[in-house]
Amino acid sequence: MILPLSYYQSSDVVTLAQDLIGKVLTTNFNNQRTAGIIVETEAYKGPDDKACHAYNNKRTPRTEVMFHKGGISYVYLIYGIHHLFNVVTGKQDEPHAVLIRAIQPLQGLEIMLHRRNMTKPIRRLTGGPGVLSKALGIDKQANQLDLTQSLLCIEDQGALLQHSEIIASPRVGVDYAGEDAKFPWRFRVKDSPWTSPAK
DNA sequence: CTAACGATTCGCT
DNA sequence: GCGAATCGTTAGT
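First residue of the first sequence? That's 27 in my numbering, and the numbers climb one at a time after it.
Keep in mind that the hints were calculated from the coordinates and are not lab data. One or more of the hints may lead you astray.
[Claimed, not checked] Computed list of lysine to aspartate or glutamate pairs in DMTMM-like fashion (alpha-carbon distance at most 25 Å, straight line): (1) K84 with D201; (2) K84 with D119; (3) K166 with E90; (4) K76 with E205; (5) K208 with D45; (6) K216 with D201; (7) K216 with E191; (8) K146 with E136; (9) K76 with D38.
The model shown is predicted, which means the values in this text are computed figures rather than measured ones.
Please model the entire structure based on the sequences and the hints provided.
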C-alpha cells in the first residue's frame, strides 16, 4: 500500500529515516514504472541541524518546500550535475527531510539500465543519492510532488528485507556542519550489496 | 551583478 | 585512491 499522508507528519525525523529502510520508492514517469527498495537514508533535522539546508529556519526559494507539511518531495541539484531526492517530513513549518541515499532495484530494471546507460545491474546502478535519482528518472521536474500519488510514491510492501539489520553511522559530505556532522543519522542495511561499503 | 561552493560521480592510475 | 567536471543557489557588493 502507498504510505498515507499521516505517515510523514511525525516530528521525529530520525526515527522516520530509520523506518523508511525497507520501504519501496516508485516512480511512474512517462508510463514507465520503476521501483526500488530503500536501503540507505540520512535524516536532516530542520532548524537544529547545521547540515540541513533549512538550519535555523532559513527560508530561501530553494528551501521553502521543506517548510510544507510532510509528504512531498524535495529535489535539488548538487555540484551542478546530480539531482538528490529527499522526502519532506514533519508538520507545517517544521523543515525536516530524509535523503534517500541508495535503493535496491525491484521493478523496471531494463528502464533503469537504459537511463543509466549501463548493461549490468551492479551497485553503481542505484547505490548513491545522485545515481538512484537518475535510475528512477528523477530530476528537478520531480520537485515538490505529492508522495501519495502514483506518479511518485513510497509504498509499504511488507518485509522485503528479511533478517536484515539496520546500522547507524555518521553522515558524509557535511564536514562544514561541525559537531552536527557526527550525529549517527545515516542508516543502512547491514551487508547490503546495494549500499556503499560500510567502514 | 558577481563570485564561491556544494547532502557527488566517474574515469583513470 | 585521486582529481576534474559543472551550474544553480546563495550572500555579498
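message: Check whether the Cα positions of K208 and D45 lie no farther apart than 25 Å.
response: holds (21 Å)
- prompt: Taking 25 Å as the top limit, are the C-alpha atoms of K84 and D201 close enough?
  reply: holds (19 Å)
query: For the pair supplied as a hint, K76 and D38, is the alpha-carbon distance within the 25 Å limit?
result: holds (17 Å)
query: Holds or violated: K216 with D201, Cα cutoff 25 Å?
result: holds (24 Å)
task: Would you check the hint for K84 and D119, treating anything up to 25 Å between C-alpha atoms as holding?
output: holds (11 Å)
- prompt: Hey, K76 versus E205, does the alpha-carbon distance stay inside 25 Å?
  reply: holds (9 Å)
query: Is the Cα-Cα distance between K166 and E90 25 Å or less?
result: Between K166 and E90 the Cα gap is close to 15 Å, so the pair holds against 25 Å.
- request: With a cut-off of 25 Å on the C-alpha distance, tell me whether K216 and E191 pass.
  value: holds (5 Å)
message: So if I understand the rule, the pair passes when the alpha-carbon distance is 25 Å or less; does K146 with E136 pass?
response: holds (10 Å)
Checked against the numbered hints above, the structure violates none of them.
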